[in-house]
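The listed protein sequences derive, respectively, from chains A and B.
Residue numbers for the first sequence follow my numbering, so the first one is 1 and each next one is one higher.
Residue numbers for the second sequence follow my numbering, so the first one is 1 and each next one is one higher.
Please keep in mind that the hints were generated in silico from the structure rather than gathered at the bench.
This structure is a prediction, so every number in the text was calculated from the model and none was measured.
Beta carbons: idealized from backbone N, C-alpha and C, even for Gly.
This list has only true hints and no planted wrong ones.
Only some residues are given here: those of chain B computed to face chain A with a beta carbon under 7 Å:
hint : residue
1    : GLU50
2    : ASN70
3    : LYS71
4    : ALA78
5    : LYS79
6    : PRO89
7    : LEU90
8    : MET98
9    : TYR101
10   : PRO102
11   : ILE107
In the BS3-like style, the derived pairs of lysine-lysine whose C-alpha atoms are separated by at most 30 Å in a straight line are:
hint : chain 1 : residue 1 : chain 2 : residue 2
12   : A       : LYS4      : B       : LYS71
13   : B       : LYS93     : A       : LYS285
14   : A       : LYS243    : A       : LYS4
Next come the chains, spelled out residue by residue.
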Amino acid sequence: MQNKLPLYLVISLLLLVTLAVVSLYMGVYVFEKHSFYEIFTGLINHDGSIDPADEFVLMQLRLPRIVMAILIGSALSVSGTCLQGMFRNPLATPDLIGITAGASLLAAVTIVLGSYIRPYIPEFLQYSLLSVMAFVGSLITMVMVYRISTQNGRTNVVMMLLTGVAITALGFAVMGLLIYFSKDDQLRDLTFWNLGSLAGATWTKNAILAVVITMSYYFLINKGKALNAMMLGEKDAQHLGIKVERIKKQIVILTALMVGTAVAFAGTIGFVGLIVPYILRLVFKSNYHIILPLSAVFGGILLLLADTISRTVAPPSEIPVGVLTAFMGSPIFIIILIRSRNTM
Amino acid sequence: MLEASNISYAHRKFSILENIDVSVNNGELLVIVGPNGAGKSTLLSLLANEMDKHKDPIFFKKKTFKEWDNKELAHSKAKFSQSNSHDIPLSVKDVVMMGRYPYFSSIPHKTDEEAAQKAMAETDVMHLTTREYNSLSGGEKQRVHLARVLAQLDNDIDKKLVFLDEPLNNLDVLHQHRILNTIKTFTQRGNTAVMVLHDLNLAAQFADRVMLLKKGKIVAHDVPGKVFTREIISSVYNFPCTICPNPVNQNPLIIFGT
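Using the sequences and the hints given, assemble the complete structure.
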């Protein structure tokens, strides 16, 4: 089965590209030219054959949003898979163990307090500041959860989930406070952001996301074998020549970075890191060598699908994508809980 | 081959091991025995470089573990642990193939497949190849991990070293002897094995040398015939015993309760 990984990757990438093209055409606004080829050549040649309004919707609204859905979906799903490998439990996802809440907490504070300094700093720095703060929030949470729930390389699942509950509760409290103090326009921003949305996609954000993800995947995506070996226990993995401590540190820092950036730009889109590995496990068992790279592609597919539905299902308004993923994810959460009833 | 001097280990001020000197020669099968809580597993763990808290370095082939490259070390040294994970949602073959992880980067080579097959045949888990690991019995899981450890050391390197922490738990008589014979063959090829065992008679039959521990100290460390004497064994285990020559192979035969 290991030899077929490239094949699976190619097939799933084709699926992703097809979905992206279809998604480009979906939406309230309908383009003048319908063929993909016409639009594509029109854009490349810039010969004026494309209506400026069309071009704006395409290049500044839909395409950045599609790219962002793919990037964030992929990042969240890979983070989930890596955390599950590290904690050796399919319930260890950024949202359930409170990492997302930790990131949103600091990001929300930055949004509200930052509104006072926003006019004075350039866009790039604003977003960077937001992602740095969200990164700090998720990193602190991650270290805290790991310290509390794991002793001698063994994770107490109940402790892990409860620490997540506690941090999420704190996040809610801070959010409530911020909502109470914020002005009307900030309020709408906060609420929408709290439910998760990709409506704010821009090329600047995508560029930052792309850099973060490229860097993280460079270190993480080939760690499938190491995560498999860690299922034996950390000491046994070490006997196989795997640098367990170093890999754990990489996972902690890089998933915090990815989750932090994703939360900073799109709010709390939950359950992506739970749904994708769960479905992949149904097919490929827990072989991280296969599911880790595939989760990078399928995360993109899932979030792109969810986002396309969220902006087309109830025109002209849209439902927050976080609501959709939560609808998909909670049943899976319950299924995993029931299945692991005997082992917790 | 493996040399360590003056090993001590304490857990929260409670001393587990005190001033242990160990030196294991090439081709030697050393069996560590002793009553519960003697520190057998801890000693094995320290020797196998699982904890780096202790001060005095351990020399493996004249190099400390720190001086070894991780991957090279994994080609020369392996360990079978007592507390094997019970939840590995993979097939038996995937688990055995983990033993070959130090040898391939993404796709197993032909030699890796062969090594895995050979190891599975050796521990009699061939018929379980495609089974789900989690559905196996305790003894079968044990044999899968033994196959993984054997596969890990299947290479052309001279003088390899294997640690085994109670490898015979949960195994039936046939498989106990099969595994011990496999390990014996491994050491007869110039490799070294350090093993914790509970069954003194099996230790007497297979070990080249025996180390008897009690409360973190070495009571005796010698060939089986000199360690397994009535005085030593009955006092260390605090239980009466008789020792007579085994009528078949003349090894010491320990009969407890007499």
